[in-house]
Structures are given as C-alpha cells and as structure tokens.
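Asks: Sequence:
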Amino acid sequence: MRLLSGLKLRGRLTLWVCLLLVAALTPVVLVGVHVIRRNLEQQVQGVLHVEAQALQDLVEASLHEREANARAWTEDAIVRGALLFDTYAKSDAVLASLNGRHTTFAGLVLFTPDGRAVSASRPELRQTFAGREQEVRAAPWFQTALEDRLDPAVLTGALTKKDPFLARPVMPLALPVLSPISGARVGVLLAAYDWGQLEAVVTGALQRSHSRGQKSFTLEILAPDGGRLFSSRATNAPGLTDAVRAEARDDTARFAAGKGWRFVAAMDATEAFLPLRRFLQLSLLAVAALLLLAVLAAWALARGVTRPIATLSALVTRVVREGDLTQKVEAHGHQDEVGELASAFSRMMDHLRESTTSLQQATRVLGQTVGELTQATEQQERNLTRQGVAIHETQVTAKEIQQTSQLAAERSQAVLTLVARAREAGGSGQTALGASLDGFEQLRDHGTRLAEGISTLHERTHQIGGITQTVKDLADQSNMLALNAAIEAARSGEHGKGFGVVAREIRSLADQSIQATSRVRDILDAIRGGIRDTVALSEEGQRRSEAGLAQVRESGQSLRELTDIIQDNASAAQQIAAAVIQQNAGIAQIFGAVTDLSRMMDDTLQAMHGTQRMTHALRGVAERMESVAGVWRV
1 MRLLSGLKLR GRLTLWVCLL LVAALTPVVL VGVHVIRRNL EQQVQGVLHV
51 EAQALQDLVE ASLHEREANA RAWTEDAIVR GALLFDTYAK SDAVLASLNG
101 RHTTFAGLVL FTPDGRAVSA SRPELRQTFA GREQEVRAAP WFQTALEDRL
151 DPAVLTGALT KKDPFLARPV MPLALPVLSP ISGARVGVLL AAYDWGQLEA
201 VVTGALQRSH SRGQKSFTLE ILAPDGGRLF SSRATNAPGL TDAVRAEARD
251 DTARFAAGKG WRFVAAMDAT EAFLPLRRFL QLSLLAVAAL LLLAVLAAWA
301 LARGVTRPIA TLSALVTRVV REGDLTQKVE AHGHQDEVGE LASAFSRMMD
351 HLRESTTSLQ QATRVLGQTV GELTQATEQQ ERNLTRQGVA IHETQVTAKE
401 IQQTSQLAAE RSQAVLTLVA RAREAGGSGQ TALGASLDGF EQLRDHGTRL
451 AEGISTLHER THQIGGITQT VKDLADQSNM LALNAAIEAA RSGEHGKGFG
501 VVAREIRSLA DQSIQATSRV RDILDAIRGG IRDTVALSEE GQRRSEAGLA
551 QVRESGQSLR ELTDIIQDNA SAAQQIAAAV IQQNAGIAQI FGAVTDLSRM
601 MDDTLQAMHG TQRMTHALRG VAERMESVAG VWRV
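Numbering follows full-length UniProt numbering, in which position 65 of the sequence shown is assigned residue number 65; successive positions increment by one, without gaps.
The hints are simulated quantities; they were obtained by calculation from the structure and are not laboratory data. The beta-carbon is built from N, C-alpha and C at its ideal position, and this holds for glycine as well. Do not take every clue at face value.
Under the rule of at most 27 Å between Cα atoms (straight-line distance), these lysine-lysine pairs were calculated in the BS3-like manner [said to hold, decoys possible]:
(1) 259 <-> 162
(2) 399 <-> 472
(3) 161 <-> 259
Restraint-style ranges between C-beta atoms, simulated for each label pair [claimed, not checked]:
(4) 368 <-> 480: 19 to 25 Å
(5) 212 <-> 76: 40 to 46 Å
(6) 346 <-> 603: 54 to 60 Å
(7) 282 <-> 50: 26 to 32 Å
Using the sequences and the accompanying hints, generate a full structural model.
Replies: What follows is the structure in structure tokens.
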C-alpha cells in the first residue's frame, strides 16, 4: 500500500483495474486448463487404448492367420507326398511359391521326424539346417511339433532372441505333417514367421499418429513376464522418461502364443499435452492482449476521470499561488460525480469572488471609517487638551482667588481689631481723637485695598464664569462627539462595540462636566452677589469713613458721634468679614469643583488615549484585512 500511495490517481486506477481483471481471469484460466487437461488426458488415454486394442487385434489376427496358413500347408498333398514318396523337388517348388505369396515368413522348411531338413522354400535355407539334425531335434519348437501342439512359452521365448538357424527373431510355427492314409506323423513343417515383419502390421497406426504430430508415439508388445517382444521405437532411440501409456491385455487370445501378452501404446507426455501447452500459450497471449486492452481502457478511464480533477487542481494551485479569482472553471460536459465536483467548484469560485469583492469593499469602507474616526478622536483630543489647559488655568485662578479671599478675611479681622481699638479710643475721650483719626486713616486705606481686592475678586469671578462657560461648551461638544461616536460604533457592528463603550463613558463624563459647571455657575452667582454686597458695603464704609474723618477734621464733633460712627463702621466691618468668610467658603468649593473637573478631564484624556489606541489597533486590523483582501484579484 505504501508503493500505491506514491502513485497518482491515474496510475492507481489503471493498476486496480488490471489487478481486478487478472483476479477475474486467473480462476477462469486455471479452471479451463484443469478441464482441458482432464479432457485431454481422457482423450489421449482413449486414443492410446484404442491404438493398443487395435495393435492387439492386428497381431492376433495376423498370428491367427499365419497359424491357419501353416496348418493348411501341412495338409497340402504335395507336401505330404514329398514326405511319403521322397518327391522333394515338387515340395520345394510349393514351399517357394507359398513363401513368395506370404513374405512375412522368413522361410518354410519341411523336416522328417528325425530332424532332417528335406525341403525348404529356399535352397540356402535347407543348407542352413543340413547336418544339424541333433540341434533340430533338441529345439523346443520341434519337440512341441511332434506332440502336435503350439506351446505359448516356446513361441514367446523364441521372440526374445535370435533364432540360431535364421539369425533373426522368428516365431517358429512348427506343426506335424500327418499321413492322409494312416494319420501317422510323417514329418514337421516349420513356418518361421519373421517377427521383424510386424512393423508392417503397425505401420498404419504409426502413420496415423505421425499425421497427428505425435512423433514419440510407440507401440510395444510385452511378454507376461514383462520382457519386450516388440517396440516400434528404434533401438538406439532414447526411452520415454515421462510417458503416457495405455495397455490392452490378451487373456483370451485366439492364438495360443498371444495369451498373457500386453499390448502397450505410449507417447511422450510433453507431446501428448502439446495442445494443452498451445492452449496455455494462446491463453497467455489472450490474457496479455486483454491486459493490454484493459490497461489502455483503464488508462483512458483514469484519464477521463482524473483530467478534470487535474484541471481543478491546477486551477486551485494558480488561485492559491497567484491569488487570481478571475479564473474560470471549464465545464467538460460530464454528468457524473466529477462534473458535479466541477460545478460545485465553479459555484464556490463565484461565491468566493463575491465574498472577496464584498470583503474588499467592506475593508475600504472600514478604512475610511477608521480614518474619519481617527480624525475625530484627534480633534477631540486636541479639544480635551485645550479644555485641560483651561481647567488648569481655572484651577490656578481659583487658587489665587482663594489666597485673595484668605487675605481679605485676614484684613477683615484686622478691621475688626481696629474697630475694637476705636471703641476703646472713643471711650478714652477726646484725647484719643488723634489716634482715632489715624485709625480712620488706616481704615480708609484698608477699605480702599479691600475694595480693590473685592474688585479683583469680582473680576476673577467673571473670569471663572467665562471659564465655566467654556468648560460647558467643551462638555457640550464632547457630548456631541460622544453621540456621533456612538452612532458610528453602532454602524460598525461588532468591531465598534469597544468604541461605543468609550463613547458612552465620554458622554457620561461630558454630562458630569456640564453638571459641575452648572454648580460652579450657581456658586459664582452667589459669590458675585456677596461681592456686590461687599463692594456696596465697602463703598458705604469708605464714604462714611471719609465723612467721619471730614467731620473730625472740620468740626471736631463730640466723641459720642464719633463713637456712633465707629460703631457703624464696626458693624460694616463685621458684615464685610462675614461676606469675606462666605466668599472664602465659596471659592474653596469652586477650587474643589475645578480640581474634580481637572481630575475628570485627566480621566477623560486617559480614556481618549485608550480610544486612540483602540482606533490605531482597529486601523491595523483594517489594514491587515485590506492586505488580505488585496491578495485576491477579482
């Protein structure tokens, strides 16, 4: 499987189709080979058995015919007369004529009972037996002939060796010649059947086998003891190492000599199963051709399947590498799963182009919104900075007013001290008038300075009022900016939630600033009222001091009037002191409010800085989104 994993889909499909075809053809071929081999074995065995049976029939018929011929010849009158009347010339002619018509016999010899050859089919044959009467009488075939029988063992044994007289394997068909008058044995006729002539008997079977291409076809005759009596194979030809054999046994032979013989038809197994090998070769060629066709068909099928997939893969590679979403998916007209995949991929590309276009438009809008929001926050930061500076100046001014108020309070205490001393001076009498005059002079100077301080305080309250108005305007502007920021945050959706929270906090701080400036304005109005009363009282006291001083200088009125004037001045001084104390408390409240406003403004600036950081982060996100969206070309 690891080797298959390295192949492409086209190669795997081709390989699997070939494997499936081989898996399907292999059992068919094996079963076909087995069936054909079995049928061929049966056919070969049947043919060989028929040939063996035919050999048996031919040999039996031939030997039976030869035996019948020999018996018939023993009853020939000329043959009998030659033995009875010694007319051997006539018998030689008869035997020669018979041998000429039956060439399968190696010779015909007529013997007397004492073993003397008296007539033969050829003169040289008679010469062969001449003087060998003792050997003839000792021959098994001669003895069985005298007994008027054919011994199968004798006949079979004679075929396994060369005859000592004829120098070749012959079957000695020796039969007695009987007298036609007395029936006595007058001689023996030897019909020597040439065993080599058996090849002529089996020539037809061998020609039939050779015509079938069976060059190794062999016919054999085996004796009962297994000895080979005949073989159609040449003597020097190699034996069959792997042979197919069929055997016919002659247990009820018509010819006595053939009883127990085994007739064998054999051939080489390689040659016998040559059709099977040819079938296997043809099958292998057919399988190879089928495999080749299957490979071509599988390759065409795999190519048809993988070509659209390869096209889609190349398209995806170009889209990923180049970011080009303008690529078009070509429709190949397939209605199968590959066509559905191509259609789905085309729809995905269309949806991706639409999504990318929307994303690019959204990033452009987001970038513009972030830019506008950044400009707004920068403008708001500048406004808040100016507000912080103004509040700081207001705080410094409030501090100065507080110090001036404290100085006025101290001065009022000094005035009260002087009033006390004036009362003592009034009680002392006229002698203290000069001191009172000096005291009035000092009181006038102090009143003048007090009037100047109160005038300065009045101007400071006007300045504070202007500052509080400026703070209120800035708070209103912050409120409007916070409202606009909240609207833009709501328009931005999820990305503007954090900025909406900041906008709400800025709006809350702006509302608190407006409320604080309202309280400061109320306090300043109260301070202005007190200052106006104080100024009026100061001016009244100054006028009275001037009048008393003029009266003291001009007319020298009595101490009682001076005491009354001093008493009046003391009351006015107490009122001034009370007003200055009240003014001091109001200024302290203004200073506290301005301090709180400065602290809130610092918090607002910090929140604005956080808003700027978030705006910068949002701008970075917008730039990254724009860069990501800019990768794709639609």
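Asks: Honestly, which of those hints from before does the structure not fit?
Replies: Failing hints: none at all.
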